[in-house]
Amino acid sequence: MYQQHFGLTEKPFNLTPDTQFFCQLPPHQEALNVLLLALNNGEGFIKITGDVGTGKTLLCRKLLNELDDRYQTAYLPNPHLTPSGLRKAIADEFSVAYAQNINQQQILQLLNQSLIQISNHGQQAVLIIDEAQAMSLETLEALRLLTNLETEKQKLLQIVLFAQPELDELLKHKSIRQLKQRITFSYQLRPLNYAELVSYINHRLTIANCTQVGIFSRSALKALHYYSRGIPRLINILAHKSMLVAYGRGQHNITKSYILMSALDTEDCAKSIVRRRYKKITYGGVALLTVLAWALYAQGLI
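Using the working numbering, you'd call the opening residue of the sequence shown number 1 and step up by one each time.
Since the hints were made in silico from the structure, they are not lab data. Be a bit skeptical, because a hint or two may be false.
Here are the simulated distance ranges between beta carbons [as the list claims (entries may be wrong)]:
#: 1; residue 1: SER175; residue 2: LEU15; range: 32 to 38 angstroms
#: 2; residue 1: LEU137; residue 2: LEU67; range: 27 to 33 angstroms
#: 3; residue 1: HIS203; residue 2: HIS252; range: 40 to 46 angstroms
#: 4; residue 1: LEU137; residue 2: THR184; range: 49 to 55 angstroms
The model shown is predicted, which means the values in this text are computed figures rather than measured ones. Heads up, the beta-carbon is just placed ideally off N, CA and C, and yes, glycines get one too.
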């Protein structure tokens, strides 16, 4: 809607995990470096954790793109599975054919044979699981047992877990303490600081081929960091909404007031603080959409 208005070729703050927008800032580049190093060293279990919206899925997709032909990967974006469902999902990802009535011992044997073939072809099998905190204790234990598949010199399957911090709570359970002991590399994603946020905004605008300079004022960037708490997903939401408001009003610069309006419209942006300071401002999705709709109507754009 606002791309032409701001001189963009695409929306810079979409929530989809588009790897061309991956920004090499310390929290994410360090995590990627840890992953690549650990996989190159043949580590069996690697864990990346971070709060909701800190960029785990984008990092996951970036890792998949970075791995070369030495690796054969399997990707599970939704691991809310039973132990048997997990084994079948992994078999599907590695193109292992099996009968629907196969028992669990048989599917493990087929997986083992497939992983040996991958190894014999000079490749390393890597299983990447997103949202790993959704796995049950039983499924996590089934996952651990898969790491028993090995030769005398190497693990046949390396496993990378991307998860919210709730996974760490699960790993404290006695029934899966052996799994926790096998995690040799881990990294926790943190929110962006202010300087990183500025670089993040500029990077995404550059990738979207922005032709305008200084779209976000310094006070707007400060407010954006405050209300987003440095969480990339919230940064994207607030930046996108504020650009919509500016477009609706025919403005080419994002001010602090547009960020505040966007924060009031967003459930998870320190709304209690916003309400105390700006009690007279109406908040909620209807309010922001109403302002935008009237502005566009006045300009004859709708």
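Okay, the hints, checked on the actual structure:
1. For SER175 and LEU15, the Cβ-Cβ distance of about 36 angstroms falls inside the hinted range of 32 to 38 angstroms, so the restraint holds.
2. Checked against the hint of 27 to 33 angstroms, the pair LEU137 and LEU67 passes, with Cβ atoms roughly 29 angstroms apart.
3. For HIS203 paired with HIS252, a C-beta distance near 20 angstroms fails the hint of 40 to 46 angstroms.
4. Checked against the hint of 49 to 55 angstroms, the pair LEU137 and THR184 fails, with Cβ atoms roughly 21 angstroms apart.
In this structure, the hints that do not hold are numbers 3, 4, in rising order.
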